[in-house]
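Heads up: the protein sequence lines correspond to chains A and B, in order.
Last residue of the first sequence? That's 315 in numbering that gives the first Met the number 0, and every number before it is there in order.
Last residue of the second sequence? That's 251 in numbering that gives the first Met the number 0, and every number before it is there in order.
If you are wondering where the hints come from, they were derived from the structure by calculation, not from laboratory data.
Virtual Cβ for every residue (Gly too), placed ideally from N, Cα, C.
Take these hints with a grain of salt, some might be off.
[Claimed, not checked] Take a look, some chain B residues computed to stay more than 10 Å from chain A by CB distance:
no., residue
1, L35
2, G134
3, K216
[To be verified] What follows is a set of in silico ranges between Cβ atoms, one per label pair, in the way DEER data are often shown:
no., chain 1, residue 1, chain 2, residue 2, range
4, A, D108, B, H130, 47 to 53 Å
5, B, I125, A, G165, 52 to 58 Å
6, B, R84, A, E55, 19 to 25 Å
7, B, I125, A, L69, 57 to 63 Å
8, B, F77, A, G85, 17 to 23 Å
[To be verified] Stretch-level coverage of chain A by chain B, calculated; a stretch enters the list once three of its residues show a Cβ under 8 Å from a Cβ in chain B:
no., region
9, 50-61
10, 84-90
11, 93-105
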Amino acid sequence: MIETSGLRRSFTTRRGVVEAVAGIDLRVDAGEIVGFLGPNGAGKTTTLRMLTTLLEPSGGEATVAGCDLLTEPRRVRERIGYVAQGGATDPTVTGRRELILQARLYGMDRATAEARAAEVLAALDLEACADRRGGTYSGGQRRRLDLGLGLVHKPQLLFLDEPTTGLDPQSRAHLWDEIRGLREQGTTVFITTHYLDEADALCDRLAIIDHGRIVAEGTAEELKRDVAGDVVTVGVGHDTAEAMRLLQHQPFVREASVDDDGTLRLYVERGEVAMPQILRLLDGGGLTLQTISLARPSLDDVFLRQTGRSLRDEAA
Amino acid sequence: MRTLRDTLLVFQRSMGQTLRNPVWVVVGLMQPIYYLFLFGPVLKPVAQLQGFGGSAYNVFVPALLVQMALFGCVFVGFGLIAELRYGVIERMRVTPMSRLAMLLGRAGRDIAVLCFQSTMLVVMSIPFGLHITLGSVLIIFALLVLIGLGMACLSYGLALLLRSEDALAPLLNAVFLPIMLLSGMLLPLSLAPGWLRAIGHANPFYYAVEAAREAFKSPVAGGTVVAGIAVAAALAAVTITWAARSFGRSVA
Numbered sequence: 000m001i002e003t004s005g006l007r008r009s010f011t012t013r014r015g016v017v018e019a020v021a022g023i024d025l026r027v028d029a030g031e032i033v034g035f036l037g038p039n040g041a042g043k044t045t046t047l048r049m050l051t052t053l054l055e056p057s058g059g060e061a062t063v064a065g066c067d068l069l070t071e072p073r074r075v076r077e078r079i080g081y082v083a084q085g086g087a088t089d090p091t092v093t094g095r096r097e098l099i100l101q102a103r104l105y106g107m108d109r110a111t112a113e114a115r116a117a118e119v120l121a122a123l124d125l126e127a128c129a130d131r132r133g134g135t136y137s138g139g140q141r142r143r144l145d146l147g148l149g150l151v152h153k154p155q156l157l158f159l160d161e162p163t164t165g166l167d168p169q170s171r172a173h174l175w176d177e178i179r180g181l182r183e184q185g186t187t188v189f190i191t192t193h194y195l196d197e198a199d200a201l202c203d204r205l206a207i208i209d210h211g212r213i214v215a216e217g218t219a220e221e222l223k224r225d226v227a228g229d230v231v232t233v234g235v236g237h238d239t240a241e242a243m244r245l246l247q248h249q250p251f252v253r254e255a256s257v258d259d260d261g262t263l264r265l266y267v268e269r270g271e272v273a274m275p276q277i278l279r280l281l282d283g284g285g286l287t288l289q290t291i292s293l294a295r296p297s298l299d300d301v302f303l304r305q306t307g308r309s310l311r312d313e314a315a
Numbered sequence: 000m001r002t003l004r005d006t007l008l009v010f011q012r013s014m015g016q017t018l019r020n021p022v023w024v025v026v027g028l029m030q031p032i033y034y035l036f037l038f039g040p041v042l043k044p045v046a047q048l049q050g051f052g053g054s055a056y057n058v059f060v061p062a063l064l065v066q067m068a069l070f071g072c073v074f075v076g077f078g079l080i081a082e083l084r085y086g087v088i089e090r091m092r093v094t095p096m097s098r099l100a101m102l103l104g105r106a107g108r109d110i111a112v113l114c115f116q117s118t119m120l121v122v123m124s125i126p127f128g129l130h131i132t133l134g135s136v137l138i139i140f141a142l143l144v145l146i147g148l149g150m151a152c153l154s155y156g157l158a159l160l161l162r163s164e165d166a167l168a169p170l171l172n173a174v175f176l177p178i179m180l181l182s183g184m185l186l187p188l189s190l191a192p193g194w195l196r197a198i199g200h201a202n203p204f205y206y207a208v209e210a211a212r213e214a215f216k217s218p219v220a221g222g223t224v225v226a227g228i229a230v231a232a233a234l235a236a237v238t239i240t241w242a243a244r245s246f247g248r249s250v251a
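Just chain A, with the same shape it has in the complex (with noise of 0.2 Å):
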């Protein structure tokens, strides 16, 4: 659905050219859910404005659903839909007012867009406040209709650029429930997001974006594992040093290291398979074991690593 080589973007600024993408190398396939990650200021929001045709690329090349960016960008407008960042609606339009038009300027005659703005309005939850004008809407209303403006022509690939943004937890979780919803209809959905909760609840692949190039690509596990497997938090009182001895060396063990609390963390493989291990050998080596915890990494720990900056600072 996606497939870019090289795609770059630089720009002249006062201070010289910034390269704020510097050659990406992309795959999307169609009926996926791909998030595309990274801290402000990465290039993610540029890669997502040459895919959609806002942006003339620099260098490189890119098929966007099944046409070619640089030589029939009309054409790839067709197919996909966009919902920006900021959103897109006036504040003196009414949201049915919105769809009607974005159908038509897709091609429909007016009776079909009417009967699509409809369907969109019905399908967002969005019919009660259908005939007011978009500067009445709640944040969660205004979202739905800017992701209704996107699908209203059925694209089979739709970008969405940090959708939930500024949104209370409820309605958050409504508008997960419809890009869910799209992929069952078969629509590739392309989504750039800076919250990890949100890569990890939707998406079936991620691609992590830094400096502009991709540092990461894979599913959220595949990538959760890559870090350093799992974290086995161990808690033996004051026995400490002689559980460091009895486990640093195991070969399930990658690395281990002393907390300031005297807990020992071991990171693992396989979190699961190693507690049993661990439990044995400090039995055999007459320590007592006062607590033991498994955690798995996060997606915050996969950029931490690929990044060498946590998201949840950028997000604060």
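Since the structure of chain A is already known, use the hints to place chain B on it.
Only chain B this time, still in chain A's reference frame:
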């Protein structure tokens, strides 16, 4: 076909927005009406001067109409900046719609508003002593449409370039006051000293104002009218081309 259809869609949307909040249509008409009532009477004795070139209102009203076309249309870019900020323009640019239609649909709304205001002003001027003929009305509306189109497209082009009200407002004010004074709108430039007249001749609006005034004379000197319309048409062609390209270009 596509361009025409899309232009109509954008026109309908823009017109709807204007009609839902018509206060700017009225504000745009108020200024020339103030001139008509509060400045026109001052001109009556001045009209006797040599070089004024006709009865007070037949000289003054055409200039007021040109002024209204100029100022009515040159500030339309502010509305576009608001639409840019809402993301409406970007949303439209992702659709396969015609780029030219984005411009012409909006400019069409501006021309429709201008024609309404101009009709009102002409009708209100008749009791003051404006003499009109069908020919003069046709010529002046042709001129006004061209000037309005040129100015609206210039304003949209600048709005796309500057993207901020804070940058657009001072630029427009800095440019358009001298243009207005140098066009002989308030008083004919034939009353001006030679050096001022010379500068005025470099101002395209000078020819538009001259042509507008000529339209209300009888007999009409064809050359002046043709020159005025040609200048206005050339100006419109340049600004339409430029602004349509700005709409089409990928702007960050």
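Each hint tested on the structure:
1. Every CB of chain A lies more than 10 Å from the CB of B/L35, the least distance being 32 Å, so the non-interface label holds.
2. B/G134, annotated as away from the interface, keeps every beta carbon of chain A farther than 10 Å; the closest lies near 40 Å.
3. Interface exclusion of B/K216 from chain A stands, the closest Cβ pair being 44 Å apart, more than 10 Å.
4. Taken as a hint, the range 47 to 53 Å holds for the pair A/D108 and B/H130, whose Cβ atoms sit roughly 49 Å apart.
5. The hint said 52 to 58 Å for the Cβ distance between B/I125 and A/G165, and at roughly 57 Å that hint holds.
6. The given range of 19 to 25 Å is respected by B/R84 and A/E55, whose C-beta atoms sit roughly 23 Å from each other.
7. For the hinted restraint 57 to 63 Å between B/I125 and A/L69, the CB-CB distance of approximately 59 Å keeps it satisfied.
8. Checking the proposed 17 to 23 Å range against B/F77 and A/G85 shows it holds: the Cβ atoms sit about 19 Å from each other.
9. Against chain B, the region 50-61 of chain A contributes 5 residues with a C-beta closer than 8 Å to a partner C-beta. That satisfies the three-residue criterion, and the hint holds.
10. Check result for the region 84-90 of chain A against chain B: holds, 6 residues qualifying (beta carbon to beta carbon below 8 Å, three or more required).
11. For the region 93-105 of chain A, the stated coverage by chain B holds: 6 residues have a C-beta nearer than 8 Å to a C-beta of that chain, and at least 3 were required.
Of the hints listed earlier, there is not a single one the structure fails to meet.
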